[in-house]
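2 protein chains.
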Amino acid sequence: MINIENGGVCFPKGFFASGIKAGIKTSGNLDLALLYSKEPARCFATFTKNQVQAAPVLYDKEVLANHNTINAIIVNSGNANACTGKQGYVDAAYMAELVEKELDLGKFSTLVGSTGVIGHTLPMKKINAAISELAKKLSNKNSELFAKAICTTDTIIKTGSISLQTAKGEIRFGGSCKGSGMIHPNMATMLAYITTDLKLPEDFLSEFRVMVNESFNAITVDGDMSTNDTCILLANGQSGVFLSDLSITEQSNARNALFELMKHLALQIVNDGEGATKRVEIEVCGARSKAEAMQIAKSIATSNLVKCALFGEDPNWGRIISSAGASGVIFPAEKLSLHFEDVQVVKDGMPVRAAQEKLAQIAKQKEYKVSLDLHTGDSKASVYTCDLSYEYVKINAEYTT
Amino acid sequence: MINIENGGVCFPKGFFASGIKAGIKTSGNLDLALLYSKEPARCFATFTKNQVQAAPVLYDKEVLANHNTINAIIVNSGNANACTGKQGYVDAAYMAELVEKELDLGKFSTLVGSTGVIGHTLPMKKINAAISELAKKLSNKNSELFAKAICTTDTIIKTGSISLQTAKGEIRFGGSCKGSGMIHPNMATMLAYITTDLKLPEDFLSEFRVMVNESFNAITVDGDMSTNDTCILLANGQSGVFLSDLSITEQSNARNALFELMKHLALQIVNDGEGATKRVEIEVCGARSKAEAMQIAKSIATSNLVKCALFGEDPNWGRIISSAGASGVIFPAEKLSLHFEDVQVVKDGMPVRAAQEKLAQIAKQKEYKVSLDLHTGDSKASVYTCDLSYEYVKINAEYTT
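Protein sequences appear in the order of chains A and B.
Going by this note's numbering, the first residue of the first sequence is number 26, and it counts up by one from there.
Going by this note's numbering, the first residue of the second sequence is number 26, and it counts up by one from there.
Bear in mind the hints are in silico, worked out from the structure with no lab data behind them.
Hints should not be assumed to be uniformly reliable.
Which copy is meant is left open, so a pair is good if it fits within one copy or across any two.
[To be verified] Below 27 Å or equal to it, Euclidean Cα-Cα: the simulated DSSO-like pairs (lysine-lysine) are:
hint, residue 1, residue 2
1, Lys391, Lys126
2, Lys161, Lys394
3, Lys74, Lys315
4, Lys111, Lys360
For reference, chain A alone in the conformation it holds in the complex:
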């Protein structure tokens, strides 16, 4: 059983963080964050697939194309540095350079993240003026400050940590993320930073990608992706433990711990979904492949009609089945079965008499699982979604540029 605690990015050995007010946000809240490891950390990263990519995303990709270790990440909130053209790129590069100079690091050892309004260039004077305070404040006790300083419309900070005892010593994982709409292009969007003192092999990226797909990419608040989405894992090896030196069982436990932490962080984003009143797991099983299961689960999880029904606490199987049918995946409709938790509502593609009272009770829960079985194979996938409420419309209609 994995025990997830509330430590954040500084929980693993050798990581330091800070968070300050640089005056980027008009609200006066924390808006500049820094994560630092003296020992260069192996860096694994995934970025938004949006065709319109913010300057920090373009900069980070450029850096990582030629470097696989990183010492620092600087993140500002309140301004996404997106749709800012060449000036945006220059500013992102300059932000990294400011950190490298301040911390006496080599060139291309720092990544940049930005989140906030689109279409405005960064207030570089303010950032420039704040760098020395930001660096001075670095401490291994500042996970929470870091978590706060990367937030925008989030109503809660999102952190998590796991420690694991192995025969080679203790290893630790920590992380923090932000986002309260899957996409919120004017307050763009999902940023996630994971740290570990475990030493990971160079080729860990493909594994990390799979984990991102089943955690951060398996949640949906409003079904889109932003210009700034970023998920970065830093492994600085300061535990002295190398993944490949562990026993097979311990390796599995370590991978599992990392994945559970990522899922834990991702689910906090759904919990904090704009206007969300409940979180529902949409599981699709009995599929021919995991990709098809995921495609159907996403189709259901992003359907406005399904999400309205979740809000209305209505176990509306018709909308779920129709969304599955509209997913583009081919399956025999007459084999479908559907459960709300352990109550079956559809069998062989047709409704069955269900325990109405129990069903109504489940639909009222803050968290529950809906499971659609295609009966065509043995693959499955889950997507975590939230409901579509009046509050969501209010938040997103009343925000004006």
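Once you have looked at the hints, place chain B on chain A.
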């Protein structure tokens, strides 16, 4: 200039219709409709691509696989005959048979349509008992009764007609459709019936498909497709005019008239979108292909964030560009330009100083056009969408099965 009038399915020569109360709807409203042409009419049809297809869709496809002329279409509202298994198919076939017997027609000369709640078998006794009244009421003055009897949650009936003078005589087009959510699986969904007394060639289906794609498939209320979506064109040739006998110009006019009628009907569905307060054309131009333009336009038109912004009367260019970027189509972000009507808000991928007052005025209009230019080619496509309002959530959250 094409003049669209309010005539319906009986406007072209030789078409008769009726609509009665058979007791299928608990509300007691009209719920059984019949369309009839004594002369067999060439039939062109497109159906939902949803993997879960209602019994009437399965039945019609089966009939049309072997027959290309049709005399009648019977449609019930209040019950979708979807997710009803083998019994559903038997009932659909029996509905057609009842009409064929009553009107003394050959086997497989009648199609069936159903719309309403999912998962309940049809009340066949009631339909059986109503057939003779339904047939007796057939008249060429009943376009409106037909239009009413196919409605579910629609708040307005949707009809249209066009007549055209040609050197060979007058030709006429008429039609009716229903639908107030693009998908509304419990009140499933879009049905459209078009009639013409023009004689059309057997191979007209591919042309008809293109017209459906740019009319009924180019609208979105909530971005999904239902189990019952159907669009049927009947051409009975009673004008005595054959499309191929017309001059090239007249042929173009005839095609144009048919397309404009279909677009007119489709736009009425958007106007009647659940909770909609405004209708917006999302045009994507400068694309490498029409398919790519359509893919981007659909991505924008179905984005909840964009639709909330339309409701909030906020000319939120950031959300529009981000949705375009998330569409899956590859394009250079730095070339994008965006207009709200004739006011430019984005140039070379970056915001430009726009006339704020004029822009605010446009965002307040009941109807307007947003145009995104990719500057990568010369193809374009439009999708017509409506806003996402509190009322939409209310309608779809409060409906309970």
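Discussion item. My question is about lysine 111 and lysine 360: at a cut-off of 27 Å on alpha-carbon distance, are they close within one copy, between copies, both, or neither?
Written reply: between (54 Å within a copy, 13 Å between copies)
Worksheet item: Given identical chains, is lysine 74 near lysine 315, meaning Cα to Cα at most 27 Å, within a copy, between copies, both, or neither?
Response: Classified as both; 20 Å inside a copy, 22 Å across copies.
Worksheet item: Between copies, within a copy, both or neither: which fits lysine 161 and lysine 394 at Cα up to 27 Å?
Response: neither (46 Å within a copy, 52 Å between copies)
Fill in: Status of lysine 126 relative to lysine 391 across identical chains (alpha carbons, at most 27 Å)
neither (48 Å within a copy, 55 Å between copies)
The structure is inconsistent with the numbered hints 1, 2, although it conforms to all the rest.
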